[in-house]
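Visitor: Going down the list, the protein sequences come from chains A and B.
For the first sequence, the residue numbers in my numbering are 1 to 709.
For the second sequence, the residue numbers in my numbering are 1 to 152.
Check the hints yourself; a few may be wrong.
Cut-off 20 Å, straight-line C-alpha distance, at most; resulting in silico cross-link-like pairs (SDA-like, lysine to any residue) [claimed, not checked]: (1) A:K555 / A:R651; (2) A:K273 / B:A143; (3) A:K95 / A:G142; (4) A:K657 / B:E121; (5) B:K142 / A:T61; (6) A:K596 / B:P19.
Pair ranges (Cβ atoms, derived) [said to hold, decoys possible]: (7) B:N7 / A:E562: 29 to 37 Å; (8) B:N7 / A:D184: 38 to 46 Å; (9) B:S61 / A:M587: 49 to 57 Å; (10) B:A66 / A:G281: 55 to 63 Å; (11) A:K282 / B:N3: 42 to 50 Å; (12) B:S61 / A:E217: 27 to 35 Å; (13) B:A150 / A:D184: 55 to 63 Å; (14) B:N3 / A:T348: 50 to 58 Å; (15) A:G21 / B:N7: 31 to 39 Å; (16) B:A150 / A:A370: 26 to 34 Å; (17) B:T55 / A:D184: 50 to 58 Å; (18) B:A66 / A:N486: 25 to 33 Å.
Since the hints were made in silico from the structure, they are not lab data.
All figures in this text were calculated on a predicted structure; none of them were measured in a lab.
We put the beta carbon where it would ideally sit given N, CA and C, even for glycine.
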Amino acid sequence: MTLIKTNYNRRSFLKVSALAGGGLMVGFNWACSPSENLRKAPSEWFDMNAFLSIADNGQVTIMSPNPEIGQNVKTSMPMLVAEELEVPWADVIVKQGLLDEGAFRRQVAGGSQSIRQGWKSLRMAGATAKQMLINAAAQKWGISPADCTAKNGIISGGDNKLSYGEIASLAATMEVPEDVTLKDPKDFTIIGTSQDNVDLESIISGKPTFGIDFEREGMLHAVVMRPPAFGMSLESYDDTETRAVTGVSDVIRFGDKIAILATNTWAGFKGKKALKANWKGKQKLENTDEHDRKMLKLLDTKSSKPKREDGNVGRAFAQADKVIEKVYEAPFLPHNTMEPMNFFADVTDSKVELIGPVQTPLRTRNSVAALLDRPREEVSVAMTRMGGGFGRRLYGDFALEAAEISSLAKRPVKVVFSREDDMTAGIYRPASKYKFRAAVKDGKITGYHLTGAGIGSSRSSWTRENWFPAGGIENYKVESHSLQSNITTGAWRAPITNFLAIAEQSFFDELATEMSVDAVQLRLDILERAKTNPVGKISYEPEKMIGVIKLAAEKGNWGKPETGVSQGFSCYYSHNTYVAEVAHVRMRDGNPFIEKMTTAVDCGIVVNPDAAINQVQGGVVDGIGHAMYGDFKFINGEPQAQNFNEYRLIRAAEAPKVDVHFVKNTNDPTGLGEPSLPPAGGALANGIAKATGTRLYKIPFVKQQITFG
Amino acid sequence: MANYSLNINGQQKTVEADPDTPMLWVLRDLLDLKGTKFGCGIAQCGACTVHLDGTAVRSCSVPVSAVGENKITTIEGLAENFDHPLQNAWREHDVPQCGYCQAGQIMNAAALLSRNASPSETEIETAMNGNICRCGTYNKIKAAINTAAANM
Ligand code: FES
Ligand code: FES
């Protein structure tokens with residue numbers, strides 16, 4: 001059991017009040033962990049962004065601020081509250097909070113880190129409410145709270161019994177306890193059980209659930225024409241034919257964009273097709289070929305300040321028996337969430353109302369307030385469920401567009417991107433390249449030198465220099481370079497590592513082959529060194545990595561493949577989670593095909609196992625899909641793929657069966673939305689190399705000199 | 001603009017629309033049936049799948065003028081009480097992640113099972129290949145279809 005303080009310097013993490021209509025209400029801050037960062041402690045009601053209420057009739061409601069992007073946090077996180085509150089999960093109602101409800105103003109969205117951040121604060125909220133209910137019952141019965149227990153929404157003490165609802169109003173008058181006790185993981189009854197996604201019914205019955213489904217009386221649909229290429233600006237346009245389209249009610253220019261307002265989406269699309277716009281190049285119109293040349297050159301450039309250097313790399317390479325050097329390359333990638341970007345805005349003289357799928361409501365509110373020059377208090381943001389995020393919805397560009405259009409049109413509007421808009425007005429995964437070099441002497445890796453280069457700002461970092469194999473190799477050096485571009489780039493599921501891991505794990509496989517050692521053993525040897533006698537500082541736990549490697553090797557029958565199967569191994573640490581994978585590749589009509597992926601994961605306590613398996617499987621499928629097919633080029637600033645006929649996503653027949661195994665432990669839970677993705681492409685590449693003898697260095701694999709089954 | 005009388009989920013509805021308006025937008029914007037989703041608009045992703053006389057079609061690519069007397073079924077009308085064996089299997093396997101593609105997946109799978117009650121693994125994969133799930137829930141989709149087939 002963990003004793004946890006609810007108060008720090010009188011700045012409470014919790015606020016308690018009577019529930020309107022009778023009952024107890026506890027407000028708390030979803031994303032702030034009481035053990036860390038005291039400055040974030042909420043002090044007033046408006047700082048609370050989540051609520052737990054127990055009504056007089058016994059109804060337990062958890063209001064979660066977390067927008068759902070498919071990572072199941074809207075279900076998993078309330079489970080933590082219910083666990084400590086001691087109520088049956090089936091009796092809990094989970095609601096999504098709205099930013100415009102005053103108290104929800106400080107809402108922040110979560111990603112892979114949600115569970116990690118909420119682990120203590122959510123349980124504390126539940127435990128506090130439970131303790132107050134117990135204290136109230138004890139007072140009523142005139143006995144000590146220590147003689148009372150709470151289970152299944154009922155408090156017992158001596159011969160007395162009271163349901164939570166019966167005592168909730170009295171509980172609201174109790175002092176907030178100074179500290180509360182959290183349950184021992186072995187006593188969990190909800191955490192660790194599989195619970196359905198709370199929006200499941202809406203999803204499978206087709207109820208309006210997503211931002212794109214939102215509508216408001218009097219609203220117009222806005223379709224936007226944006227510059228066709230990065231670096232271009234709008235010179236002039238002719239909207240005569242657009243205005244003649246039935247359903248089109250207005251055409252409005254804003255900056256370098258033109259909004260077509262229509263009574264339905266289709267009329268807006270047609271209106272846009274009929275619009276004639278002239279564009280001119282204002283900035284450089286960039287090309288992928290040129291990016292590639294420049295990045296390759298950067299890989300051969302010595303940086304004045306390496307990101308890390310242990311030992312003497314120069315000497316290690318000079319004295320090596322053998323030097324192995326390989327370059328790996330990856331393109332830009334669009335996010336392609338299934339639900340295209342969209343947002344609703346209603347800008348009036350008194351308020352700015354924004355509703356839609358965005359992961360950063362606070363940032364969005366602030367940038368809209370700045371854009372329209374309005375006080376922040378007048379701007380509200382409500383979040384809907386999101387049809388996928390993968391990083392794209394961290395950026396509020398679509399909400400800004402909606403706000404600007406509504407303010408100009410003086411009408412409520414919903415901006416909807418077509419798939420072409422979504423793919424070509426992206427905030428892409430930046431293209432990147434890596435050069436790996438290893439010095440081998442007397443059968444050991446004595447030197448390691450990684451150089452990364454990618455499209456980004458001077459502050460971008462393309463490497464994770466304190467992660468594997470850091471600490472495990474005596475002479476070790478990491479450098480990183482950036483190439484600036486006017487093509488917008490940003491976070492894409494498992495930023496940086498989504499390709500860094502493929503490159504690194506492919507390289508270790510090649511090293512193993514060159515050194516004639518087993519690929520798994522090579523990694524274990526390096527980790528053993530990092531564990532027992534690390535060189536310099538490391539920010540991963542070798543022991544945990546060894547744990548998942550062994551589990552994956554065991555469950556995937558590493559080294560003992562089925563007849564006709566070639567295996568590929570990979571492992572990676574990200575978002576505080578450790579994952580190892582074994583790809584099972586078979587030849588089908590003479591071409592390689594990935595049939596199965598065995599996956600071992602250490603993410604601490606698994607809160608909701610079915611949902612966790614779904615996340616891991618999804619990450620693996622995503623990783624394989626983008627390694628195989630992800631292809632996105634620019635010519636004169638113009639994206640060369642616009643829709644799914646030109647951009648290939650992995651489909652049902654191409655997705656391998658993904659077996660998922662969790663390391664069982666009682667550590668605090670860590671991220672799950674992203675960590676299974678980075679290692680997948682490496683395991684795939686290594687399996688293909690084994691099956692075909694061909695090593696793949698460039699994404700997409702499907703475009704390399706090999707055909708696939 | 002023209003008037004169309006459409007049979008949707010067993011009910012007769014009248015809409016006024018341009019003849020080239022895809023059924024997808026008639027359903028979503030004119031009839032307020034939001035279960036059918038927009039993903040690509042060019043028959044590539046399957047998010048907009050509905051049944052036209054029992055056959056799965058991409059509603060983004062079927063103009064309203066082509067529907068005529070044919071019966072349209074959407075996710076909202078697939079089963080009374082939303083208890084189609086596939087919907088039950090979807091509950092059992094808790095298939096969705098973001099959920100956006102799922103109505104299309106279910107509608108496509110329903111058409112498959114109505115013409116082939118016990119599809120093989122390959123038949124499932126082939127039939128479902130037109131429906132993209134960006135979240136990668138394919139393992140669960142396949143498992144749920146198998147469960148539904150077994151229960152039908
Ligand atoms: S929206 Fe119709 S197939 Fe994609
Ligand atoms: S569940 Fe997200 S696209 Fe399928």
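Visitor: Cβ-Cβ distance between T55 of chain B and D184 of chain A: within 50 to 58 Å?
Guide: holds, 56 Å
Visitor: Starting from K596 of chain A, check that the Cα of P19 of chain B is at most 20 Å away, please.
Guide: Violated, at roughly 47 Å.
Visitor: Check the following: the C-beta atoms of A150 of chain B and A370 of chain A are separated by a distance inside 26 to 34 Å.
Guide: violated, 57 Å
Visitor: For N3 of chain B and T348 of chain A, compare the CB-CB distance with the range 50 to 58 Å and indicate the outcome.
Guide: violated, 35 Å
Visitor: Would you mind confirming whether the straight-line C-alpha gap from K142 of chain B to T61 of chain A stays at or under 20 Å?
Guide: violated, 34 Å
Visitor: Is the hinted pair K555 of chain A and R651 of chain A satisfied, with a Cα-Cα distance of at most 20 Å?
Guide: violated, 26 Å
Visitor: Should the hint that K282 of chain A and N3 of chain B are 42 to 50 Å apart at their CB atoms be regarded as holding?
Guide: holds, 47 Å
Visitor: Can the suggested window of 27 to 35 Å be confirmed for the beta-carbon pair S61 of chain B and E217 of chain A?
Guide: holds, 30 Å
Visitor: Using the Cβ atoms, figure out if G21 of chain A sits within 31 to 39 Å of N7 of chain B.
Guide: At 45 Å between Cβs, range violated.
Visitor: Holds or violated: 55 to 63 Å for the Cβ distance of A66 of chain B and G281 of chain A?
Guide: violated, 42 Å
Visitor: Could you see if the CB distance from N7 of chain B to E562 of chain A stays within 29 to 37 Å?
Guide: Taking Cβ atoms as reference, N7 of chain B and E562 of chain A lie about 52 Å apart, which means the hint is violated.
Visitor: Verify the proposed pairing of K95 of chain A with G142 of chain A, using a straight-line Cα cut of 20 Å.
Guide: It is violated: about 36 Å lies between the C-alpha atoms, which goes past 20 Å.
Hint compliance for this structure: hints 1, 2, 3, 5, 6, 7, 8, 9, 10, 13, 14, 15, 16 and 18 are not met, and every other hint is.
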